[in-house]
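Enquirer: For reference, the chains in residue letters:
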Amino acid sequence: MLDLSSIAVFIPRAVVQGIPLLYGATGEILTEKSGNLNLGIPGIMYVGAISGVMGAHFYEQSAGGQLAALPAILIPLLCSLIGSGIMGLIYCFLTVTLRANQNVTGLALTTFGVGFGNFFGASLVKLTGSETASISLGATSAFFCAKLPFADKLGWFGKIFLSYGFLAYLAIIIALVAAFILKKTRLGLHLRAVGENPATADAAGINVVRYKYGATVIGSMIAGLGGLYYVLDYINGVWSNNGFGDRGWLAIALVIFAVWRPNIGILASILFGGLYIFSSYNNTGMDLAANELYKMLPYVVTIVVLIIVSARKKKENQPPESLGLAYFREER
Amino acid sequence: MGEKTAAVKMRDITKSFGKVLANDKVWLDIYRGEILALLGENGSGKTTLMNMLSGIYFPDEGQIYIDGKEVVIRSPKDAFNYGIGMIHQHFKLVDVLTAAENIVLGLPGKLDLKEASRKIREICETYGFSVDPDQKIYTMSVSQKQTVEIVKVLYRGADILILDEPTAVLTPQETDKLFAVLKNMRDDGKAIVIITHKMHEVEELSDRVAVLRHGQFVGDMLTKDTNAQEMTNMMVGHAVTLNIDRPEPKDPKPRIEVKGLTVRDMDGIVKLEDVSFTANSGEILGIAGISGSGQKELLEAIAGLQPVESGSISYIEGDGAREELIGKDPLAIAALGVSLSFVPEDRLGMGLVGNMDLSDNMMLRSFRRGRSLFTDRKAPHKLAENVVEELEVSTPSVSTPVRRLSGGNVQKVLVGREIASAPTVLLTAYAVRGLDINSSYTIYDLINRQKQDGVAVIYVGEDLDVLLELCDRILVLCGGKVSGIVDGRGAKKRDVGMMMTRLGGGRNER
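Chains as they are written, first to last, in this note's numbering: chain A, 1 to 332; chain B, 1 to 510.
If you're looking for bench data, these hints aren't it; they were derived computationally from the structure.
Among the hints, a few may not be true.
[Stated by the list, open to error] Heads up, simulated BS3-like pairs for lysine-lysine below, C-alpha to C-alpha not over 25 Å straight-line:
id : chain 1 : residue 1 : chain 2 : residue 2
1  : A       : K314      : B       : K19
2  : B       : K145      : A       : K184
3  : A       : K184      : B       : K250
4  : A       : K315      : B       : K145
5  : A       : K315      : B       : K114
6  : B       : K250      : B       : K224
7  : B       : K224      : B       : K198
8  : B       : K119      : A       : K183
9  : A       : K184      : B       : K224
Turn these sequences into a full structure, and let the hints steer you where they fit.
Expert: Laid out in structure tokens, this is it:
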């Protein structure tokens, strides 16, 4: 089974499975670096997906079959960014401005986001009068799925490295840029300080509220792109309710697995993607129970990493110190 | 001083938190080339006043003038722009970042750590510090962290420096070094404010003193024209005696005997090594040492909270009967009359629950008593009222959450509860941590009363001057070993200070 051609089949499948997780994890890492533990990520990815779907749907309707490349890409992209960005804003308003409990707010947003997605998903299905319980956006999806040139001509190299839609490459670029910003720039240094010790950052003249809002909203937008990628590229533009599954939680687990480093997140997401589809490569066939066991693997791996990291107690690998805590300057 | 213009003038500064008036029309002048000591009891508004100068709080009313010009300081950033830098009591440093990263935090421009490191070394040379720019903060000792804080404000070009109780966490030797540096900076023309309530430091270091009481400005004067007694009276508002009582021990008999005690922490690091001593009834045994030398482990081992590797701890009853404490349940040890009151740095961490009120906190000691299904609420309530009355705890009522009380009052509640359980051995650590003179003396009185009642008191303290005045004997710990046991009546501060650092292989001392 371990010959080159089957690897060339397995890796691209692991990658496309991992890209939504990478978006979610990169977004959550930026958010957590500001000290906000946003458990709303699953809901936000859902909203990112359905917002893009709605944008694409209405553009397809108004264009009547003749889609131009630029708006067909930009409209869903913008809709997705706006949708998930608003979710991030709601989260910030509640936890930063009103200092509500972060866990409760996040979980509420997840519940809300999934409901929001399913409500508008079902409404769209009703609008189109489709016979199945799903909507298909094949025309828009074609633009999102477009592979790089030469992908089919370069054999295994083309399959492993060139056979993805542009959002997949964007995910990796965003992760690398995020890693660079966190590590090498003043912006990143300030963001890390805010998440570690907001009182210190504040005393150093850093605007804590602005950083928290900025990192959380941008993080939410990045996470939302993961939802968009899933619908418009991974499953070729077919929206069906609850189709996104538990990928949002997996993205949050990935943050821990990657010890809060977006660059590690790139490889880790592909590994998670591989583990996620591992079952279908092991001929479990109809043994659904075994299938579920395989689906557990990413979580098991995350727990193992948590144990190792906690046992080693290396300060650099711990979560940001003030993660989950609201900050108020004049608190006594 | 008439011809000098004030670097900072604060006029009619008022600030309130809810109903509490922290500062009430305060006037203060700060001059360049001068060290000003800002004195006051806990809760007198010293830190609040300085926080307004450094942009942490914003005054409700009043004006601030810098070099004669009226300014508005809205944020720490504004404060830096006016050359004001504050070194807080709780360090404002990010643990996982390096010294250099912490120092450049919040500054604009491109991130160039190499250039920053060069500038840091330059500052260190000028004033005689030593800081490794690439060292991570969490690997540093307290005094190293403080140095980083000072370099941080100098790096930003501050020429008005405010230090909030800088010596609270330092050894005598480190304090001397800090004072030397501060004097260097003063001679360099910088304005320096130090907040403190240690009189001897004021006398040793400052050129001028300003006193606050209950949020109001009482007065200022040149240090050389005043003395400790006068300053204390100004702080407290009435005459107080500055001597700590030390009654002769009455009929001391061995109560706790520790032999060859060795303790390792969870990581397997030796915290106590071959510690032996005897604590007598009717006597106060002081424990001195740099923080983290094993004081906490020692008390916890006696109270049964800390696993012991080897050695013995015997409890000796009045009739000479011995009982081995190691291996005993903490509850059984407490039942013998061994009572532990440990005041941690955050004051609430051990022993009291911040969100519960006074009587519920009293109940934490007594809830096991009685056989009824329901707890007895009346007795703790009464005890709380007694403690409030006897120790003059200032609280709206006994049903106020402990979190809302000021530090001194919290400590009174903690110590009061322990004493109320009529112990035979009282273990107390940092009982006066961060307390002002008046509250400290109340606590000393309480401890002395216990001693006279024949209780064996083990008192872990930070302030050597107090240990030397209060304790009958002092055990000096150094890196987990007994460096020596001296008689409190004859010992010299210098000698005890040396004993604190002599062992331990330079781990805490550079």
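Enquirer: Now tell me, hint by hint, if it's right for this structure.
Expert: The hints, checked one at a time:
no.	hint	in the structure
1	K314/A / K19/B	violated, 44 Å
2	K145/B / K184/A	holds, 24 Å
3	K184/A / K250/B	violated, 67 Å
4	K315/A / K145/B	holds, 17 Å
5	K315/A / K114/B	holds, 23 Å
6	K250/B / K224/B	violated, 41 Å
7	K224/B / K198/B	holds, 16 Å
8	K119/B / K183/A	holds, 21 Å
9	K184/A / K224/B	violated, 52 Å
The earlier numbered hints that this structure contradicts are 1, 3, 6, 9.
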